[in-house]
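*Asks:* Residue strings, one per chain:
Number of protein chains: 2
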Amino acid sequence: MDAILHGDEAALRPLVARHATLSARITLRHADRVVTMQDKPAQVMRHGQGTSMFATIDAVKDGEAQAAVSCGNTGALMAVSMLRLRKLPGLNRPAIASLFPTPTPGKMNVMLDMGADVKADAGDLLQYAFMGASYARNGLAIARPRVGLLNVGTEEHKGRAELQEAHALMGTRAEAGSFDYVGFVEGTDILSDRVDVIVTDGFTGNVALKAIEGTARTVGDLLRQSLTSTLLAKLGALLAKGALGRLQRRIDPRRVNGGVFLGLNGTVVKSHGSADATGVAAAIGLAYQLAQAHFIERLAARVASAEGAGQDQPGAGPGDTGTGTGSSPTE
Amino acid sequence: MDAILHGDEAALRPLVARHATLSARITLRHADRVVTMQDKPAQVMRHGQGTSMFATIDAVKDGEAQAAVSCGNTGALMAVSMLRLRKLPGLNRPAIASLFPTPTPGKMNVMLDMGADVKADAGDLLQYAFMGASYARNGLAIARPRVGLLNVGTEEHKGRAELQEAHALMGTRAEAGSFDYVGFVEGTDILSDRVDVIVTDGFTGNVALKAIEGTARTVGDLLRQSLTSTLLAKLGALLAKGALGRLQRRIDPRRVNGGVFLGLNGTVVKSHGSADATGVAAAIGLAYQLAQAHFIERLAARVASAEGAGQDQPGAGPGDTGTGTGSSPTE
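Chains as they are written, first to last, in our numbering: chain H, 1151 to 1481; chain C, 1151 to 1481.
These are calculated hints, taken from the structure and not from any lab test. What you are looking at is a predicted structure, and each value in this text was computed from that prediction instead of being measured. For glycine and all other residues, C-beta sits at the position ideal for the given N, C-alpha and C. Errors might be hidden in some of the hints.
To be verified - Derived BS3-like pairs: lysine-lysine, alpha-carbon spacing no greater than 30 Å straight-line:
1) C/1211 <-> H/1190
2) C/1257 <-> H/1308
3) C/1257 <-> C/1269
4) H/1269 <-> C/1257
Stated by the list, open to error - With beta-carbon atoms standing in for the labels, derived distance ranges:
5) C/1398 <-> H/1423: 46 to 56 Å
6) C/1426 <-> H/1370: 46 to 56 Å
7) C/1183 <-> H/1240: 45 to 55 Å
8) C/1325 <-> H/1182: 41 to 51 Å
9) H/1239 <-> C/1315: 53 to 63 Å
10) H/1169 <-> C/1325: 49 to 59 Å
11) H/1399 <-> C/1427: 51 to 61 Å
12) H/1255 <-> C/1174: 21 to 31 Å
13) H/1237 <-> C/1384: 23 to 33 Å
14) C/1382 <-> H/1255: 45 to 55 Å
15) H/1378 <-> C/1315: 24 to 34 Å
16) C/1426 <-> H/1255: 28 to 38 Å
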């Protein structure tokens, strides 16, 4: 893998030069300006030419790069990505998908939308299901993902009107999306083994993501307080250090924080603004994997088949057959 | 404190008889029927006469009990409570408020609505702020609560239209509600010390509550796995047992699970359906404390003052001065 690094050359060159293996694989591309966390998406879209964010997305648009990674302003990155890469044909709202750990070692869940848009109607939620299932196949090697719709209860009559409608749609369209629809799921299921893909609107998804991050952090802080509260606890923590370290790595949000923009003509991975080297490396690894799997071509085929939501057209179009059955990445 | 216990007398009498101190304080009241978890709220409202749930709420309505506690079907309990106790004058939507632990020992946060209704407009969110602040004063002894509005970011321009409107309303009405409005907060703030009361609609609140519960449980499960994974870890866990036990009690959802229905002419505390003795005891303790504080009279005064949302009427009506300045519970 080679990379193009966009930004202030004077600042970046000495940092890259410190690592010989990195220097050989990185092409530095100077950008005069950056998008800040305070910039509003609409302004960046109009006046963002010349920023490192524009240059990064344009490298994907021009086919120079197969995927983009950024730790910048999420709203601006989505706006620039939509402007330059354009939505996949037939897609209404792109979405951001994130990964969540589960009790099963190595098993991760996908949830979307994490905040690309604050609202979603029933048709949008169906498209999220198709895209999330495709991502689970190509990014996580889950041949036939189980998809759940996030609600306030698992009973059929619960929730908002658009959820009732989406519930009906998913039941009839699951076969075309090559996923199993498990019905309504609740907040407790996000980190569970009950489901592989959790579908929700971007407002709810963003609140849930941050609630989960905040809880993991608070429980971790309280655990550290506890394990330094007495001499005996300190000694115990010392003995269990190896095991606790493995636990920490497993639930470390920096390792799983790559949010992927789904629904565009190009792969864009958004890493946390506060990500450290571990977090950025995880995001780059994810981008590499998706590029290798020719994910965008597969996703486009799936979105096209989801479009037949109103029609009786099972198994429409060439889909991503994924890692379960696929051998050639372009099939 | 004395209690009236509603339910199947044949089943309950031998259970109560086992505890002499309990027997002396409990009056058993037979009910032929119960509301099940599968019953739909609308059906229970129409045909629920004679159930233990109706009898429990009616005891509050008739002034026989100062507060009700139930572990039953939340939707049905809210429907029956609204039907029999009626909403406070001027209130649009009642809400369910729950408590959340924070990194500061003994400090709890209030969040509402946890799912009484799946939607809320700007006026509803303002009423939630007034009610949540009043609950924080009377239930948690926080003289001047800091109230935040849950959103997908803290920037002013973010979020749905009703949140923008509620944001403006809260800024101008905070003084009348005797709270400090801290602006938008995010999911990461729910368990933080940044805020005392988190206001959101019932759909988002319910998802966040369950996401937090699920995360705490998953992290706890993973911690247990880790601490039994090696001999060294087991030994460490044994030494740190006391400290880990204290941590577990602090974040134990059973101890903090009393959800309170706010906005009715009577105090109703809803405990988890899966609550054990510890959980039910916590819910009863909360109901007792609120009854002692004459919470409903104070809440009614606050709701009346929130009604002046469109008017320039600061500090309207007699409010709950709370535990910070108050001495007499009826002031």
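*Asks:* Residue 1237 of chain H and residue 1384 of chain C, beta-carbon distance inside 23 to 33 Å?
*Replies:* violated (54 Å)
*Asks:* Verify the CB-CB distance for residue 1255 of chain H and residue 1174 of chain C against the hinted window 21 to 31 Å.
*Replies:* Distance hint for residue 1255 of chain H, residue 1174 of chain C is violated at roughly 53 Å.
*Asks:* Given the hint that residue 1257 of chain C pairs with residue 1308 of chain H, does the C-alpha gap stay at or below 30 Å?
*Replies:* violated (33 Å)
*Asks:* If I claimed the Cβ atoms of residue 1169 of chain H and residue 1325 of chain C lie 49 to 59 Å apart, would that claim hold in this structure?
*Replies:* The hinted range 49 to 59 Å holds for residue 1169 of chain H and residue 1325 of chain C, with Cβ atoms some 57 Å apart.
*Asks:* In this structure, is the beta-carbon distance linking residue 1183 of chain C and residue 1240 of chain H contained in 45 to 55 Å?
*Replies:* holds (53 Å)
*Asks:* Using the C-beta atoms of residue 1426 of chain C and residue 1255 of chain H, is the stated range 28 to 38 Å upheld?
*Replies:* Given about 30 Å between the Cβ atoms, the range holds.
*Asks:* Starting from the hint 41 to 51 Å, judge whether the C-beta atoms of residue 1325 of chain C and residue 1182 of chain H obey it.
*Replies:* holds (47 Å)
*Asks:* Taken at face value, is the distance from the CA of residue 1190 of chain H to the CA of residue 1211 of chain C at most 30 Å?
*Replies:* Violated - the C-alpha atoms of residue 1190 of chain H and residue 1211 of chain C are around 53 Å apart, more than 30 Å.
*Asks:* For the pair supplied as a hint, residue 1269 of chain H and residue 1257 of chain C, is the alpha-carbon distance within the 30 Å limit?
*Replies:* The hint is violated at about 34 Å.
*Asks:* Could you check the hint for me, namely that residue 1399 of chain H and residue 1427 of chain C are 51 to 61 Å apart, CB to CB?
*Replies:* For residue 1399 of chain H and residue 1427 of chain C the Cβ distance comes to about 37 Å; the hint is violated.
*Asks:* Given the hint of 46 to 56 Å, is the C-beta distance from residue 1398 of chain C to residue 1423 of chain H inside that range or not?
*Replies:* Check failed, 33 Å falls outside 46 to 56 Å.
*Asks:* The hint says 46 to 56 Å between residue 1426 of chain C and residue 1370 of chain H; measuring C-beta to C-beta, is that right?
*Replies:* violated (26 Å)
Violation of the numbered hints given earlier is confined to hints 1, 2, 4, 5, 6, 9, 11, 12, 13, 14, 15; the remaining hints are satisfied by the structure.
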